[in-house]
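Per my numbering, the sequence shown starts with residue 1320, numbered consecutively.
The set of hints was computed from the structure by calculation and includes no laboratory data.
From a predicted model like this one, the values you see are computed outputs, not experimental measurements.
Do not take every clue at face value.
What follows is a list of derived Cβ distance ranges for each label pair [unchecked claim]:
1. 1401 - 1361: 21 to 27 angstroms
2. 1403 - 1350: 15 to 21 angstroms
3. 1389 - 1323: 30 to 36 angstroms
4. 1402 - 1362: 31 to 37 angstroms
Dumping the calculated DSS-like pairs for lysine-lysine here, alpha-carbon to alpha-carbon at most 30 angstroms [claimed, not checked]:
5. 1368 - 1390
6. 1390 - 1349
7. 1368 - 1350
8. 1390 - 1350
9. 1349 - 1368
The C-beta atom is built at its ideal place from N, Cα and C for all residues, glycine as well.
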Amino acid sequence: SDPMREHHTAIMLAWQAAHQSDPVAANDLKKPVADLIAPNASRQELAAKVRNLVSMRIGNMQLVVARQATKNSPTWYRLVVEPG
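Just need the whole structure built from these sequences, with the hints factored in.
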C-alpha cells in the first residue's frame, strides 16, 4: 500500500469522472479534481502540479499534453485511458 500511488490514482479517477478524455486547461479543472491535485493553490501552483503529473501512468490511465501553450493560450491536458 503506497499512499502516493493511491493519491495519484484518486486524481486520475476524479479527472476521468469529471473530464473523461476531453482536453482541459489546468485552470479549468473542476473543483474536485483541482482540490485533489493542489488544495487551496493559486492558478500558477495548480498548473505546476498538473505539469508534474504529465506522463505519469496509473494502471491504464496516463495524463498527456493535448495542446502546448502559446502566447495567447494555456497548455491543455487530457487523460488517455487505454482499453483493458
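Item checked: Broken hints, by number -> 1, 2
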